[in-house]
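Going down the list, the protein sequences come from chains A and B.
The numbering used here runs 1 ahead of the 1-based position in the first sequence.
The numbering used here runs 49 ahead of the 1-based position in the second sequence.
Hints are computed from structural coordinates only; laboratory data are not their basis.
Errors might be hidden in some of the hints.
[To be verified] Restraint ranges, calculated between C-beta atoms of paired labels, are given here: (1) 213(A) to 374(B): 17 to 23 Å; (2) 212(A) to 643(B): 35 to 41 Å; (3) 643(B) to 139(A): 38 to 44 Å; (4) 222(A) to 392(B): 33 to 39 Å; (5) 280(A) to 553(B): 49 to 55 Å; (6) 157(A) to 585(B): 51 to 57 Å; (7) 280(A) to 675(B): 31 to 37 Å; (8) 657(B) to 160(A): 21 to 27 Å; (9) 242(A) to 708(B): 31 to 37 Å; (10) 717(B) to 160(A): 35 to 41 Å.
[What the hints assert, rightly or not] Some chain B residues close to chain A (C-beta under 7 Å, calculated; not the full set): (11) 345; (12) 482; (13) 483; (14) 593; (15) 597; (16) 599; (17) 600; (18) 601; (19) 604; (20) 610; (21) 645; (22) 650; (23) 657; (24) 658.
Every residue gets a Cβ at the ideal spot worked out from N, C-alpha and C, and that includes glycine.
Okay, here's what each chain looks like letter by letter:
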Amino acid sequence: MGPNELLFWLSARHAGSWSQFRSAVEEIMENDSNATSSPDGIPLYQRMRFSLQQLAHVEFDANGCESGWRVAPPVLALSPQKGCVLGILCGARLPELVRTLQEEAESVRFERYKGPEHPDVIRFLAEDTGILEALAGRIGVVVQRHASVSILSCLPRITDLYGWHAREAALPFGRDWKVSRFEVIRRRCRWVDSSVEEANKTRDGLFRFTRFQREHYLRLDGRTYRVGGQIGKFYQVVQRRRQLLRYDRATRQLTVPDICRPPLLVDRALVLCSGFLPRYDSAPGILTYKEVPAGIAGKTATILCQEWI
Amino acid sequence: MEDLTYYVFAGFALIVAAGFAIRALRRRKLDERAGQPPASDQRAPTEPPSEADESLERTEERPSLHARIPSVGGAARQGQAAQASLAVEPERVPSLDSGAIEPCESHAASTEHSEVQPSESPGPLDVQSTPAASALEAKDDKSQEPRSSVTAGAQLREEPKIEMVEPVPVRDTAELGFTQPLPEPVVPTKAQTEPIEPHPIGEQEPTRELGPATLHTAGALMPPPESKAEPTPAPLTEQGQESESTFGNQMAMQAGRRPARYRPPPARPPGPRTAEPRETRPPQHGLPLEIRLQAHPDRHDFCSFRLLAQRPEGSLPELEARGSDGAVRLIESGDDWYEIATERDLSAWLSNGIVLMEKERGEPRLSWQLSRRDVHVLAGQPGAGLVSTTRLCIGRKHLVLCRASRASEVSDVLAGAGCGSLSACSEEFGAPPGWVFFWPVIPLHPLTPTPGDDILNVLRPQPELELALEGGLWLRDSTWLAGYPPQIRVTGVHPLEAVVSIDGQPAQKTEDGSYISPGHDQPGDHLVWCAGKSRSYSLCTPEVPRESWESYSFPGGTLCGASASPRVDVTRPPVTVPTSNPLLIGPVPGQVFLCPAGVVTEWTGFVPFQVAWALPSDPLHCDRSSCHVLLVTQVSPVRALPPAVRRSAIASAQRRWCQAIRDCRRKGLTATPPTPQIEALWTAYAAQARALWRRLK
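For reference, chain A alone in the conformation it holds in the complex (with noise of 0.2 Å):
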């Protein structure tokens, strides 16, 4: 069994608590052969865990699900296509909803692509969205039309430190604590060994902190909040005034480097213009999203405020 069986397996439950998702990819995932291991040692259910996020298919840890995991409802989200719309199917699945799209799938291209750590992504090509709008109307199944550039557009931009639920906190204390801070160098970022006593001594850096779990501390003019990692990188980068995304208009890709990936929800965003998760080049350490259409890659700067791509 694989990640198919895992999403069934949560789609049956419907929500719980993050043990009963460790223990299900556990022992779900135990002899999948197709599982690969991680080159930074990043455990396969946390590996699973964010793919699921970026495909749309189960919330972790947010509103309604605190602490836990939840499968979102069935979705066919849409993106439009050069010469056709894209439907793909996000949120909960089981058996028998596949078999039924695929038997209902007779107008459409109906396409599933298999994936080591991430379920199958099902996609349906069409030249209409009334086509899709049909067939996901006779399964039962809800239409998010552009669904990329929707969800961007309920996103803040990245310095909007409180849109993006940022609260001001106190730094944690004590010597179990594994300390590092973010350096932003010309084109490079890294994390670098730090201690508690620097981060309470510096003005402005991002910190994270290790204990059991990563917690990220962003100090802005001797004040601290704690904020999502993603979202201090990115702000590191904007107040260091450097540019991280490229766009490539010919083959419609946009890069970033994996130390610097999008928040959780752009990237989600820029996934579903495809349906694929980025590509990895662990050479250059960079993370490639297909299929990314002009418009939502502008519009994905502007949130993370990268003034040209």
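Chain A is fixed; fit chain B onto it per the hints.
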């Protein structure tokens, strides 16, 4: 002759009394049906008893014991049982309402017919419990029947000669075996004069020094824990039987028999029990909880180990516990287990054992224990993976972790069990230092355990037959997801003649050793049976969640999975324009939208109106050769009048709309695509802007 006359007269009197009693009984029944207190309850305690009263009590099985008060008194202690007989002067019946027991007289052998105290007579406090009554309950060995609370009256009524009771002749005390009874007034003891406090039914009252039995408010006679009353010969009747004495209870106690406990009739008729909501079981305290070893072998033969601590229901998701070498954190791992989060060496804990105590002040606290052992056997369990189990089972897949020093012994035993030649995996495969593991271990033969407490006996499988459900997509309890049923396996020694059946149909064994039958993987309940053992499982097709919720909320909108609800108007499709033309105008004067600046090639987004043209943000300072007016939607301009208030927001927007068009015209920018139709449309917009601009001046 005089005697005959006397008896006839007495009989006539009894018949008349019985007639009155029957009338009273009928009236009482009518009162009870009408929900009124029976009239007899209002009867004076001195009212003569009647047989009808007794029969009523018998039919209702009321535990009334008729307040044979003299028995409480000293008569019993004085051994006047033989004389007590059945005769009690009703007028002398003391009331226990006040808690005091007045002396009464016992007229032994002076009564010529039995008089029975009516059950209603005691008054508000229905004193039904007397040693005498208890004696009647326990009088007869044969009477130790379920209805042991039969009343004294009922016992008396059983005597058909109640009308003509022969006076018990006083026999010589020498014959009776105790001293001559004297009709002296009974002097109650201190304990007897104390008020009787109500006591919860079913709860034993502290023993009073009343003698061998104590009073119970519910009418039950509770024997003292240790009755040390001296044995006294039971009073005998002429027939050599025990007399129906009011002291019978004492006799019974002395005979070593305990009176049956009074059980009141149910207040309500027994009905179907309603299912009560299941209460959350409180955390178990006191006994140490279990610690199990969990293993995660991967496809590269590498295995990671960790410890799981049992999680009581209702306990916190995370706990801190203290061990002998410091504190550890317990983090929930599934519904029933904690993972012991520690970076310490697992081998030390496995070698020495561990006791963890919840790190909280106050009692009670949870504790966990893992005893030291040289061999650990792990097997798969639904929802938990490979975890510690008791022993090897034939046909099941196990992982065996043992000390490296005993690897050869373990290997030999496993080979004897038909596991084949297994190589020990050491630290380089993830085993704790000093330990090795064998994986996968599938025993095929039973082995006889060696005498004694050899730890290797856990590796010697026993021939018990078991039905195992493995694999599949387990959801909860015995429910699996339809389409992913469990594999049905029979472990242990399978008798040749035993047939495995699924839902009553003979099952077939597949190549991988599991059993299948037609329909075993269909949704519904299924039952597996083999050699007298059965196991059930269900396959369900759950509903996918349809409810959307706001998993992320931002000022610009809310998100849930791939669904997004931006706060802007999304009824129109998003607009994609080059960032060189970020100023968007609509057909209605005042419809102006400026795309975010600083974006490179294109921008896509929702605009709150239908976009007609995309203009450069600063037409007057752009390059005429490269900048154009871009048509987005071919729509004619709408004529509009300026607002009445010149400095309103509408007027300002209209001015801006006009200014943008007029600046493009002034710069001489051409419309794109360059067709006459588009150019004419652009000209119409320019004319509309010029006209409105004049009015706005």
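At a threshold of 7 Å, is the proposed contact between residue 597(B) and chain A supported by beta-carbon distances?
-> holds (5 Å)
Starting from the hint 17 to 23 Å, judge whether the C-beta atoms of residue 213(A) and residue 374(B) obey it.
-> Since the Cβ atoms of residue 213(A) and residue 374(B) sit about 19 Å apart, the hinted range of 17 to 23 Å holds.
Taking the least C-beta to C-beta distance, is residue 600(B) closer than 7 Å to chain A?
-> holds (4 Å)
Holds or violated: residue 593(B) as interface residue toward chain A, Cβ cutoff 7 Å?
-> holds (4 Å)
Is the hint on residue 601(B) kept, meaning its closest Cβ partner in chain A is under 7 Å away?
-> holds (6 Å)
Verify the interface restraint on residue 599(B): the C-beta must sit less than 7 Å from at least one C-beta of chain A.
-> Holds: closest Cβ of chain A sits about 6 Å from residue 599(B), inside 7 Å.
Does the nearest C-beta of chain A fall within a distance shorter than 7 Å of the C-beta of residue 345(B)?
-> Result: holds, 6 Å to nearest chain A Cβ.
Return holds or violated for the Cβ distance of residue 643(B) and residue 139(A) against the range 38 to 44 Å.
-> holds (42 Å)
Taking the closest Cβ pair, is residue 645(B) under 7 Å from chain A?
-> With Cβ-Cβ at 5 Å, under 7 Å, it holds.
Does 35 to 41 Å hold as the CB distance between residue 717(B) and residue 160(A), or does it fail?
-> holds (38 Å)
Could you say whether the range 49 to 55 Å given as a hint is met by the Cβ separation of residue 280(A) and residue 553(B)?
-> Given about 54 Å between the Cβ atoms, the range holds.
Is the distance from the Cβ of residue 657(B) to the Cβ of residue 160(A) consistent with 21 to 27 Å?
-> Between residue 657(B) and residue 160(A), where Cβ atoms are some 24 Å apart, the hint holds.
Violated hints, in rising order: 2, 12, 13, 23 and 24; the structure is consistent with all others.
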